[in-house]
Amino acid sequence: AQSVTQLDSQVPVFEEAPVELRCNYSSSVSVYLFWYVQYPNQGLQLLLKYLSGSTLVKGINGFEAEFNKSQTSFHLRKPSVHISDTAEYFCAVSDHGGSNYKLTFGKGTLLTVNP
Amino acid sequence: NAGVTQTPKFQVLKTGQSMTLQCAQDMNHEYMSWYRQDPGMGLRLIHYSVGAGITDQGEVPNGYNVSRSTTEDFPLRLLSAAPSQTSVYFCASSPGGVDTDTQYFGPGTRLTVL
Numbered sequence: 001a002q003s004v005t006q007l008d009s010q011v012p013v014f015e016e017a018p019v020e021l022r023c024n025y026s027s028s029v030s031v032y033l034f035w036y037v038q039y040p041n042q043g044l045q046l047l048l049k050y051l052s053g054s055t056l057v058k059g060i061n062g063f064e065a066e067f068n069k070s071q072t073s074f075h076l077r078k079p080s081v082h083i084s085d086t087a088e089y090f091c092a093v094s095d096h097g098g099s100n101y102k103l104t105f106g107k108g109t110l111l112t113v114n115p
Numbered sequence: 001n002a003g004v005t006q007t008p009k010f011q012v013l014k015t016g017q018s019m020t021l022q023c024a025q026d027m028n029h030e031y032m033s034w035y036r037q038d039p040g041m042g043l044r045l046i047h048y049s050v051g052a053g054i055t056d057q058g059e060v061p062n063g064y065n066v067s068r069s070t071t072e073d074f075p076l077r078l079l080s081a082a083p084s085q086t087s088v089y090f091c092a093s094s095p096g097g098v099d100t101d102t103q104y105f106g107p108g109t110r111l112t113v114l
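Chains as they are written, first to last, in the numbering used here: chain A, 1 to 115; chain B, 1 to 114.
Just so you know, the hints here were simulated from the structure itself, not pulled from any lab data. Please note that a few of the clues may not be correct.
Computed list of lysine-lysine pairs in DSS-like fashion (alpha-carbon distance at most 30 Å, straight line) [stated by the list, open to error]: (1) B/K14 to A/K107; (2) A/K58 to A/K107; (3) B/K9 to A/K102; (4) A/K69 to A/K58; (5) A/K58 to B/K14.
With the rest of the complex left out, here is chain B (with noise of 0.2 Å):
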């Protein structure tokens, strides 16, 4: 297994730019979260879903979008990107359940937006 996936690894854009964070995993989880990571800030969650077609808001939800059509893949989309969205993008699957709830992070996208 591949885990948790995440591309591009680092991104540079222009403030009023788009783009999408790709996110992929291969264990069949339910859950999958996206997180931002400042420093100082530790983890804030931006948007969750629980699956494929549900999603909902975290606790910094502005500037972004996501979607679930699949099971494996959970893009965060960026409509126009500010400075204040530069930061560390991590993604997070977990299976669910009492004894499963483990969270199994990607290796993170670093953004900056100039």
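This is chain A alone, in the form it adopts within the complex (with noise of 0.2 Å):
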């Protein structure tokens, strides 16, 4: 079985500065990586994604994110947060079997960005 373990359930940052929002997996197969973002009182929608290859990932916005497969972790991050990111940030993974219609969340990362 696969986890998430997202480690901070509220970041509080100012507009401007950079941000980084961690995520830790485990899986005893390979795995796909996802995050989400959620934007209040809204479904959720891919913001970037890992399948294989380069191990750092550009998605929408300016976030990145990196792939570390001996940390086990798929850490997001953005140098300047704009208000507009205040959002909730999902970390997601599938395994890399095929069944990446099931994927499995973590709690989320409240990212409140204060002017």
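Using the supplied hints, reconstruct the complex from the two chains, each of which is provided in its own coordinate frame.
In structure tokens:
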């Protein structure tokens, strides 16, 4: 079975500051990794994903994440955040065997960007 | 394309009532899933389907039924609602495959069981 741990439930930052949202996973097989974002009162939308290849993945809205297999981590970063980045962010994993319709989610990190 | 649509957006039920949450997608996706979202719990998979006529249980299936008679529709049925089923329910679809495995989520149904 796989699991996802998001180490911070809430991250408050000031506008234009850098941010890192941490995600660690455990799995007995190779995995695909995802970050989803949920704006208030909306559904989830994909921010970025790692399937294979380069360990540095770039997503929408200036976010990027780095896959670290030895540390089983997939931390999300942005060099300078905006007020509009305030949202809840979910890390998710699916196993490499093709069952990518079965995502296991972390509990989420609420990013609050203050002026 | 409308993407993934869910109805209703809000629903209040009394304990013991039954209801069906509707989900439809117009992207011809094979895979569809139902998740529930509870505060501090993230999203948990209830049921999923890999194609018309094929469904399977996820992490928290008890108290819910699904069927998939068409590619487009994947309704979720609550047989006898309980307060523990108060949650936000999301339907998602995915085209599947190695490089097209992004899940597309609907806007959610907020359910309250009294």
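To see whether the hints hold, each was checked on the structure:
1. Restraint check for B/K14 and A/K107: the C-alpha separation of about 28 Å stays at or below 30 Å, so the hint holds.
2. Under the criterion of a C-alpha separation no larger than 30 Å, the hint pairing A/K58 with A/K107 is consistent with the structure, at around 22 Å.
3. Taken as a hint, the B/K9 and A/K102 pair is honoured in the structure, with Cα atoms around 24 Å apart against an allowance of 30 Å.
4. Pair hint A/K69 plus A/K58 holds up; C-alpha atoms about 17 Å apart against a cutoff of 30 Å.
5. For the suggested pair A/K58 and B/K14, the alpha carbons sit about 46 Å apart, so the restraint of at most 30 Å is broken.
The structure does not agree with numbered hint 5 stated previously, though it agrees with all others.
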